[in-house]
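Asks: Construct all of the structure, not just a fragment, from the sequences and the given hints.
So the protein lines, in turn, are chains E and C.
Position one of the first sequence corresponds to residue 1 (the numbering used here), numbered consecutively onward.
Position one of the second sequence corresponds to residue 1001 (the numbering used here), numbered consecutively onward.
Everything labelled a hint here was simulated from the structure, so no lab data went into it.
For glycine and all other residues, C-beta sits at the position ideal for the given N, C-alpha and C.
Be careful, since some hints might not be right.
[What the hints assert, rightly or not] Think about it this way: if two alpha-carbon atoms lie no more than 27 Å apart in a straight line, the pair counts; the simulated DSSO-like pairs of lysine-lysine are:
{"hint": "1", "chain 1": "E", "residue 1": "K71", "chain 2": "E", "residue 2": "K13"}
{"hint": "2", "chain 1": "C", "residue 1": "K1070", "chain 2": "E", "residue 2": "K97"}
{"hint": "3", "chain 1": "E", "residue 1": "K13", "chain 2": "C", "residue 2": "K1124"}
{"hint": "4", "chain 1": "E", "residue 1": "K71", "chain 2": "C", "residue 2": "K1070"}
[To be verified] Okay, the calculated bits of chain C under chain E, using three or more residues with CB under 8 Å as the criterion:
{"hint": "5", "region": "1003-1014"}
{"hint": "6", "region": "1058-1072"}
{"hint": "7", "region": "1190-1201"}
[To be verified] Residues on chain E that point at chain C, a partial pick, calculated with CB under 7 Å:
{"hint": "8", "residue": "L8"}
{"hint": "9", "residue": "T28"}
{"hint": "10", "residue": "G38"}
{"hint": "11", "residue": "M49"}
{"hint": "12", "residue": "L78"}
{"hint": "13", "residue": "D79"}
{"hint": "14", "residue": "G81"}
{"hint": "15", "residue": "F101"}
{"hint": "16", "residue": "V105"}
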Amino acid sequence: MSDALEVLDQVGKWKASGKGVAVATVITTWGSSPRPVGSQLGVDDSGQMVGSVSGGCIEGAVVQEALAAIKDGQPRLLDFGVTDEQAWDVGLACGGKVQVFVEKVS
Amino acid sequence: MRSETLAALQEARTRRQAVTLATRLSDGAEGLIYRDMANGTLAEDPAVVSAARHAMEIGRSETVDIGGQKIFLNVYVPPPRLIIVGAVHIAQSLAPMATMLEFDVTVVDPRGAWATANRFPGVKVIQDWADEAFQAMGLDASTAVVTLTHDPKLDDPALESALKSDAFYIGALGSRRTHAKRRERLGEVGITDEMFSRIHGPVGLNIGAKSPAEIAVSILGQIIEVRARCLEALSAPKVAAA
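Replies: Next up, the structure:
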C-alpha cells in the first residue's frame, strides 16, 4: 500500500534496475494537510510515482523538482500552501501548508 | 538518501526493528539511529541521537533545530501486526481488510484443511497451534490478536498465551454467554479476572454487524480505536518524575 517502507521498497527496485530515483518527504505541515509528516513519494527518471505527499494537489510540481534533483544531485526544500504565489497552480484545496524535502537516491 | 540507507531501512522493517533516519536539510547528510546503536555522519552528534530516540519513543516524525541546523527526523516503526486465530470465513474478510489498513497479517490454525495459502492470498498462513506459533513469533506491543474459531481447545490456549504478552489488543469472537464460560475456563488455568478484562468480548464495535465482512469491519474499527488511544497516550506530554 502507501506505507512509507513500501514506497522505499519500490524505490529500491527502481534503483537496483539502474534507474535514477528521487524521494520526496513531507517534513512539516501547518493547519489541515492531507498527508502527515513522514509521508513519502518516490519518483523515477521517467516520472513514475509511488506513494503520496498530498491528496494529489502538489504531486505534479514535486515530480518536476524530483526530476531536476535526479539530474543535478542537489537536495531541495519546497514550500506549498495557500500563501504561495502559485496557489492556483499547485495550492492545497484544504488551505493547509506543507514543506517537502526532495533528494536523489545516490 | 544513500542506497545503503535505503537497504538498512528495509532490513530494519524485516526484523521489526524501530529506526529513525536523521537528515540534515542543508546538505542531505544522514544518520541512522536505532534503540541500541547509531551510524552515519549525523550519528556522531549526541544531540541528534538523543532527539532521534525521543522521536522514536513517541512515534512521531518531526523537523528539529540542532545547533542552528534543521534536521528532519523520520521515524520508521514496524507496521502493527494482526494475528488471526482460526482460518474461518470471517478471517477471509478480516485478513484482506486488515492488509488494506497496513497491518502485517498472519493467520494461524492447526487444521490443514482451513489453513491454506489459497484461502488467504497475500498473507502469512501458519498451520500450527496458536500458543506455539505465538512463541515463535514473539508478541510485542504493536501486535493485535483476534480469536475466531469458537472452539475452546483452539481459542483458549491462544488467549491464555496472548494475555501473558504485551499485545495491545486481544479480541475473542463469541456471545456474552460464551464469553462468561470462557472466563470460567481460563480462571481454572490461573487467568485472573483482571487479566481476563483485557479481552474484548464479544469482539468488535457494536454496529449491528451480521455478515462476515460486517463483523470484520466492527473488529477492525475497534482495533483502530484501541491503537489510536495507545499512540495518543504515548505522545502525551509526560509529567517529569519527582
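Asks: All the hints need checking, so say for each whether the structure fits it.
Replies: Verification of the supplied hints:
no.: 1; hint: E:K71 <-> E:K13; result: 19 Å, holds
no.: 2; hint: C:K1070 <-> E:K97; result: 18 Å, holds
no.: 3; hint: E:K13 <-> C:K1124; result: 23 Å, holds
no.: 4; hint: E:K71 <-> C:K1070; result: 24 Å, holds
no.: 5; hint: 1003-1014; result: holds (count 6)
no.: 6; hint: 1058-1072; result: holds (count 5)
no.: 7; hint: 1190-1201; result: violated (count 0)
no.: 8; hint: L8; result: 6 Å, holds
no.: 9; hint: T28; result: 5 Å, holds
no.: 10; hint: G38; result: 4 Å, holds
no.: 11; hint: M49; result: 17 Å, violated
no.: 12; hint: L78; result: 11 Å, violated
no.: 13; hint: D79; result: 12 Å, violated
no.: 14; hint: G81; result: 16 Å, violated
no.: 15; hint: F101; result: 6 Å, holds
no.: 16; hint: V105; result: 5 Å, holds
Of the numbered hints given earlier, the model fails hints 7, 11, 12, 13, 14; all others are met.
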